[in-house]
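Could you use the hints to bring the two separately framed chains together as a complex?
The listed protein sequences correspond, in order, to chains A and B.
With positions in the first sequence counted from 1, the corresponding number in my numbering is that position plus 1065.
With positions in the second sequence counted from 1, the corresponding number in my numbering is that position plus 180.
Heads up, some of the hints might be wrong.
[What the hints assert, rightly or not] Looking from chain B toward chain A, a few residues come up when the C-beta cut is under 8 Å (computed):
hint	residue
1	Leu197
2	Ala198
3	Asn199
4	Asp201
5	Asp211
6	Leu212
7	Leu213
8	Ser214
9	Gly218
10	Gln230
11	His232
12	Lys233
13	Ser240
14	Asp257
[As the list claims (entries may be wrong)] Stretch-level coverage of chain A by chain B, calculated; a stretch enters the list once three of its residues show a Cβ under 8 Å from a Cβ in chain B:
hint	segment
15	1075-1086
16	1104-1110
Source of the hints: derived by calculation from the structure; they are not laboratory data.
Idealized CB from N, CA, C, for every residue including glycine.
Spelled out, the chains give:
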Amino acid sequence: MELSFKIEGGNFSGAGSASSEVKRTLKQLDVDASQIKRIVIALYEAEINVVAHAFGGKIEVKISADKVFARIQDQGPGIADISKAMQEGYSTASSKVREMGFGAGMGLPNIKSNVDVFDIQSVVNEGTVLEMTFYLS
Amino acid sequence: MLLKDIIEKLELKVLNLANQDIDVKDAYASDLLSDVMGKAKTGQIWVTLQTHKNVSAICSLKDLAAVIIIGNGKPDDDMLEHAKLEDVCVLSTAESCFDICGKLYGLIKSEV
Ligand SMILES: Nc1ncnc2c1ncn2[C@@H]1O[C@H](COP(=O)(O)OP(=O)(O)O)[C@@H](O)[C@H]1O
Ligand SMILES: [Mg+2]
Chain A
1066 MELSFKIEGG NFSGAGSASS EVKRTLKQLD VDASQIKRIV IALYEAEINV
1116 VAHAFGGKIE VKISADKVFA RIQDQGPGIA DISKAMQEGY STASSKVREM
1166 GFGAGMGLPN IKSNVDVFDI QSVVNEGTVL EMTFYLS
Chain B
181 MLLKDIIEKL ELKVLNLANQ DIDVKDAYAS DLLSDVMGKA KTGQIWVTLQ
231 THKNVSAICS LKDLAAVIII GNGKPDDDML EHAKLEDVCV LSTAESCFDI
281 CGKLYGLIKS EV
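One chain only, chain B, in its complex shape (with noise of 0.2 Å):
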């Protein structure tokens, strides 16, 4: 499903928009930045608590689609910055982990 349909499909806040077109088929929760790194893949979405600049170089570095920040964590002001600069797409929500994954599973893997 594109990015900008399972934005507007979860209701997912955009602190900074792009790869909006991108056709997405994956995503990857984790908080340990480790095992980003090491397994998540090009094209993903990325579903984190975290919200300090490592987030975004990570995006950056591994061509991921966008992150969703959860529980209503605010990014941090250079992470933003970063984020603009590099073109990586920042969402948030206030749900949880758990329930933003479960329906990001419904919607992207149900397409399949």
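This is chain A alone, in the form it adopts within the complex (with noise of 0.2 Å):
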């Protein structure tokens, strides 16, 4: 099954909402609760990724028996240096979107300790392409 949203940049109250999306379809899926958990998590920290840093892209989720695979992908600003981004703590994020609790630099680790097979791909001033695996195994 596939599942493909649009995220709007700069857009916190649509924010989540593919990922909610995902989860119910997984549900439906009978897929495991603890699967569900931590696909959700990725997926909701991917999804604010783009809304928080980039100006607009689309999420592309594939499930099938054995595997759910997204792809995320945007249009906006890139990271020039990912090793830095990956780090815990480490956030660009401005003032007002740290007054509502986001920008900790907890979500791409929070992403990678979540996810079976990670990869992110990025291009300064074009944007980005993060693309996570999970097994269901």
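What follows is the structure, given as structure tokens:
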């Protein structure tokens, strides 16, 4: 099964709706609750990163019997130094975003610790592609 | 302790009622959303000063029993709307984070 969603940069009130839709679908497909939990954590953080740091993007999710694959692609500033961005606590979030409780620099580390395969590619001034795979067995 | 008994004992203001028969055994206090997203557990009560729609989104994504907004904070309209739609229990209190967490701890951890 394939799902796809558009994400609008800066639209915090719409954030989380793709993750919530994916959660609903996984539940309907009777995927194990502990699997759903980690998928939802990673997907939500990826969704928020597009809203907080990019201009817009899309999420594609492929669900099969043995795995869930998600690809999050955005148009935005990109990430110049990915290893720095992966560090816990590193964030370039604006003070407005921080006031909302985002921008703790825990998103990418949260994603990494909840996925089985993690791949991030980024081009400065173009955008970022994040791919994550979750094995269901 | 059942959520409805916690609401009564702590005199919490009910902004959207849901999950009242859940047996609550634990809570998580944080204002950092990624912290809650990463570490809060299903069925916990979340104590925070945040009042925007992502709070109810996280409650629903993480299957939290309820959120308690401290210091008389008022949830944004779109947060309450979302909470009603998704059956998220939204509570508030005039007390500080420290005080309400202390009371909550006394109630639910003294049961174990
Ligand atoms: N999609 C993205 N586009 C541009 N920059 C990003 C993106 N995702 C993450 N970043 C950069 O990596 C940093 C760390 O991300 P993250 O760990 O999620 O923390 P936070 O979002 O709280 O800042 C961000 O502050 C930002 O500089
Ligand atoms: Mg982030």
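Quick rundown of the hints versus the structure:
no., hint, result
1, Leu197, "21 Å, violated"
2, Ala198, "16 Å, violated"
3, Asn199, "17 Å, violated"
4, Asp201, "20 Å, violated"
5, Asp211, "5 Å, holds"
6, Leu212, "4 Å, holds"
7, Leu213, "4 Å, holds"
8, Ser214, "4 Å, holds"
9, Gly218, "4 Å, holds"
10, Gln230, "5 Å, holds"
11, His232, "6 Å, holds"
12, Lys233, "5 Å, holds"
13, Ser240, "6 Å, holds"
14, Asp257, "10 Å, violated"
15, 1075-1086, "holds (count 7)"
16, 1104-1110, "holds (count 4)"
Hint compliance for this structure: hints 1, 2, 3, 4, 14 are not met, and every other hint is.
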